[in-house]
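Asks: Residue-level listing of the chains:
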Amino acid sequence: MSPELALPAAFLVPLMGLFGIWAGAKVSDNVREAATLITGGSLFLIVLGLFTAVGAGARPEWEAFEVIEGLPLAFRIEPLGALFALIASGLWIVNSLYSIGYMRGNEEKHQTRFYMSFAVAIASAIGVAYSANLLTLFIFYEILTLSTFPLVTHKGDDKARNGGRIYLGVLMGTSIGLLLPAIVWTYAVAGTTDFTLGGILAGKVDEAGPVLPLLLALYAFGIGKAALMPAHPWLPNAMVAPTPVSAFLHAVAVVKAGVFSVLKIVVYIFGIDLLAETGASDLLAWIAGGSILLASAIAMTQDNLKARLAYSTVSQLAYVTLGAMLATQMGVMGGAQQIAMHALGKMTLFMCAGAVYTAAHKSNISEMAGLGRVMPVTFGLFFIGACSIIGLPPLGGAWPKFFLMLGSADAGQTALIFILMISSVLNVIYLLPIPIRAFYMAPDGRDGANETGEGRALIQWHAMKEAPLFCILPPTLTAAGCLVLFFYGGALYDFLLPIIGGA
Amino acid sequence: MAGPVESYSLVDQLPALQVVVPLVAAPVTILMPKGRVPWAWASLVAAATFAISLALLHQVAAYGPISYELGGWAPPWGIEYRVDLANALVLTLVSGVAAFVFPYSYRSVISEIDENQLPLFYAALLICMTGLLGVAITGDAFNVFVFLEISSLSTYALVAMGGRHDRRALHSAYNYLVMGTIGATFFVIGVGLLYAATGTLNMADMHDKLAGMETRVVEAGFAFIVVGIGLKLAMFPLHLWLPNAYAHAPSAVSAFIAATSTKVAVYVIVRFLFTVFYTDSSFEQAALSYVILPLGVVGMFAASLVAVFQSDVKRMLAYSSVAQIGYMLLGIGLGSVDGVSAALVHLVNHALMKAALFMAVGAVMLRLGSRHCDAFAGLAKRMPWTAAAFIISGLSLIGVPATVGFISKWQLLKASFGGDAAWAGFLIVASSLLAVIYIGRIIELMVLREPPTEGPHAKPVAEAPLEMLLPMWALVAANVYFGLNTELTASLAMRAAEALFGVGGGQ
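Chains as they are written, first to last, in my numbering: chain R, 563 to 1065; chain G, 0 to 506.
Excised from the complex, chain R in its bound form (with noise of 0.2 Å):
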C-alpha cells in the first residue's frame, strides 16, 4: 500500500474496527475479540509499512479538509510521530490480548464499549501522532481524552467517579486552560501552526521577553497528559480502572501521547535552536528534574502496586520533558527513546501486576512476599521490566539514560547528570524489592501462598498459581520486546536523527 494511501486508512482501520466490534458483539464476545484484534492487526502492519517508508525518507501528507480558513485538518508523518504510531499500535494489539484474558478472568461488566472506547483512543493516539499542525494535534488530544473517560471510570462506583472527575478535570482543565490558548497565541504570532524542522517562532517574538520561556510554560503544562508535576494528579488518580487501561493509559497511548506532543512541539514549533540561544527552556529543565525526583520519592512510600507503578511513570515522563527542555540533539534523542522504551518497560510491569490482581487478587506490595514462588513466570518478567526502567543493559531503557545524560553535558548542566542517577538509584530502592519479597520472602502464612508446604524451595513448581495465558503472553512479548531493543537503539537512532537535524 502506498505511503499516500496507507495514511488514511490509519484512521479508517480502527473506525471500521468500531463497528466491527459494535455488531460482532450482537453475534458473540470471542467474535468481538476477533475483531479487536483484526483491527489491530492489520492497523500495525499498516502503520509499519508507514514507518518504514518514513524511515526510507518519504514524508506522507494528508490534507482531510479545512476547518478554518487557512487552517487544515492536516497530517504528515515525520520519524518522532512515526515511531509513535507504531509504539502505540503494537503495544494495542498486546494490550488487547491481555485485555481479553483480564476482563474474561475478571469478570467485568461492559465489555462492548470497553472495546469500542479502545478503538476510538487508539485512532486519536495515531491522529496525534501524524499531526502536521497543533490544531489537528488539538482535536486528536481532546477526543483521546474524552474516549478515555470511559475507561477510566469503567467499574461505575465511587472511586471510579472520582477518579474519572480528577481524570477529565486536570486533562481538561489543563488543556482548555493553558494549551488551547497557547496553540492561539502561538497562530497570532507565527501566523501558522504547521509543524515545521526549526520551529515557527524565530524572529517572530521578542526573543528576550518574557513571551517565549512563558509560551514554553504553557505547553508544557498544558499537555497535561505528559504528567510534568503539578499537572500529575490524574495519573495515580486514574488507577482505579482495570489494569488493561492503566496499561493503555500508561504504556499505549495516553501518556506517551502527552510527551510526545511537548517533544513534538518543542522540537517543530520552537526549535531547540531558539531554546538553546535564548534560555527560554532552561527553568523548565529544572522543574522536570524536580518533578523526576519528587515522583520517584513518592512512588517510594506507595504500597499499592499500580500506585507506586503510576508515580514511577510521573517520574519517568519527567526525563522526556527533561530530554526536550535540555533544547541539545542529543537531549532531544534521549527523550525520543525514553518514550518508546519505557512504553515497553511500563506496559510489562502493569500487565504483571494485572496478572497478580487476577491469579491471586493482590493488590499491595506488604501481601506479595512469597508471591514469586508460585508465580515465578510473572515476577521473573517483571523483574526484566523493572530492570530496563532502570536503565541496566543489556535493556533496551538503558539508552535513553545515556543519551540524556549526553544531552545534560552538551547544555552544560553538570547538576542534572547527578539528578539523573540519583533517580537510577531511587528505580532500584522501589522496583526491585517487589520481586525480591517475591522470591526470597516467606509467605507471611496466612494465606494460600505457604500452604504448599516446602517454605524453602524458591520456585514450587507442584504449586505454580499463574494467571491465564493470556495475562502471561503479552509481558512476555514486551519484556522480550525490551531485551531486543537494547541490540537495536542504533538503528532507532539513526531512524530519528533527522529531528535533530541529522543526515
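Since the hints were made in silico from the structure, they are not lab data. Possibly wrong hints are sitting among the right ones.
Computed cross-link-like contacts, DSS-like style, restricted to lysine-lysine with a CA-CA straight-line distance of at most 27 Å [claimed, not checked]:
| hint | chain 1 | residue 1 | chain 2 | residue 2 |
| --- | --- | --- | --- | --- |
| 1 | R | 717 | G | 208 |
| 2 | R | 721 | G | 380 |
| 3 | R | 924 | R | 588 |
| 4 | R | 766 | R | 924 |
| 5 | R | 717 | R | 588 |
| 6 | G | 33 | R | 671 |
| 7 | R | 671 | R | 721 |
| 8 | G | 380 | R | 588 |
| 9 | G | 380 | G | 458 |
| 10 | R | 671 | R | 717 |
| 11 | R | 671 | R | 924 |
| 12 | R | 671 | G | 458 |
| 13 | G | 33 | R | 717 |
| 14 | R | 671 | R | 588 |
Computed list of chain R residues with no C-beta within reach of chain G, every gap over 12 Å [said to hold, decoys possible]:
| hint | residue |
| --- | --- |
| 15 | 589 |
| 16 | 592 |
| 17 | 745 |
| 18 | 773 |
| 19 | 795 |
| 20 | 981 |
| 21 | 994 |
Here the structure is a predicted model, which means the values were calculated and not measured. Glycine included, C-beta positions come from ideal geometry on N, C-alpha and C.
Since the structure of chain R is provided, determine the placement of chain G on it from the hints.
Replies: For chain G alone, coordinates are given in the frame of chain R:
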C-alpha cells in the same frame, strides 16, 4: 431598486416576504382548531421563512447587500429594509432555529400548556419570530423599536403560558414584562434623541449625519440605546429577568427564545455600535473599553459561577446563556474586526448549542415531568438518545474540538491574542473551565449514576418520541458539522464584520 417597485418578480420581494409571511400567517393560526393543525401550520411557515432567509443569505453572499424600499417610499423618509451579511446571518439563524424547534414542539407543548391555548400559542410563537426577523432586517431605527416590542410582547405571553404547569411562570413573565419594557423605553428614548440630533431615522442616513458630531444629545442617545439594548440582551448585571423567564417558560419556548431573542439584541447593539455610531468617536471608545468589555468579562464569570450551583437544569442553562452573552460582549468590546467577527460566530454557534440543550431538557420534562438535576440521574440508560444529544451539545458549550463551541473559542482567542489583549484570552479559557464544571456535573449524573429506584423519578421511562428526537439531533448534527466546516459561519462572519467596519467596502 430606486423609486416605486419596478419588478414584481417574487425574488425581488424576498426581504418583504421574510417578515410578511409569518406576520400574515400568525392571525390565521388563531382561527384554527386545537390539535395538530396549528402546529403543522406554524412549522410549515417556519420552514418557508427559513427558505427565504437562505435565499437572501445566498443572494447577499454572492452579490452584496440588498436594499428594499417598503411601499416604494425612498429612504430616508420611507422605511428601508437593508440586508447585508451581518443580518442575513441573523435572519438565517432565527428562522433556522424556528424551523427545527417548531416541529419539535408539539408533544412538549401539549404536556406543558392548556390545550385550549394551542392555536394562540402557535400564533404568539409566529408573531415572536416575526418580531425577531423584523428587528434584524430593518434599516430603520424606529422600526427596530416596533419589531422589538412585537417580539417582546409575544414572548411575555409565551412565558406566561408555562403558568399552567408551574405558577412561577406568571411571576417570571411579569418580571420580564417590567424589565423588558424599561429596556424598550430606554431604547426608544435613545432613538428619539438621535432623531432630534440628526433629523432622520434611517440608520445609514443617521450614520452620515453623525459624522464628527459628539454633542451631549448624541452621547445621551448613545447611552440610552446601550442600556436599553443591554437590558434586552441580558448584559450583566441587567440580566435578572432572564434566568426565571427561561426556566419557567414552556420548554419549546425556552429553546426558541434562548437561541434567538438575546442574539437578535446582540445584533442590534453591534449594528448601532459599528454602523450607526462611529467606532473611533471618544464616547464609543470609552463605552467599549470601560463598559461593554468589563461587563462582558464579569458576566462570563459571575453567571458561570451561579450556573455551577443551580439544581434546576433549565435555570443552569439560562445562567450559562448570560455567561455566553459575556463572551459576545467581550468580542465586541475588543472593538476590532476579529473581535466582532468572533462575537458574530459565537452568536450563531451559541444559538445552535443552546437550542439543542434546551430541546434535550424539554424531552426530559416530557418524560419525567421535571427539570431538576435529580431527574437526569442515569439518563444515559433510560433515554440514551436524549442523553447523547445533551452530552454532545454540552461538550460544544464547553468548547471541545470538532464542535461549534471550539470554533467560537478559537476565534475569540485569536481576536484576544492578535489584538494585544492576551489577558482576555486567559479569562475566556478560565471561564470555559467553569462550563466544564456545570456541564460535567450533569453529564456525570447521566452517565455514571444509576437511575433512581425510589422517589418521584423512579418510574420506568421511555425514550423521547421520534418527532422530538429528529429536530433535536438535526441541531446536534449542526453543532458537529459547523465545528468542522466553518465556511458558512466563521468565514461569513468575518466578511460580515469587515462589512460592518467598512473594511471590505461591503456597506
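Asks: Which of the listed hints are broken here?
Replies: 1, 3, 4, 6, 13, 17 and 18
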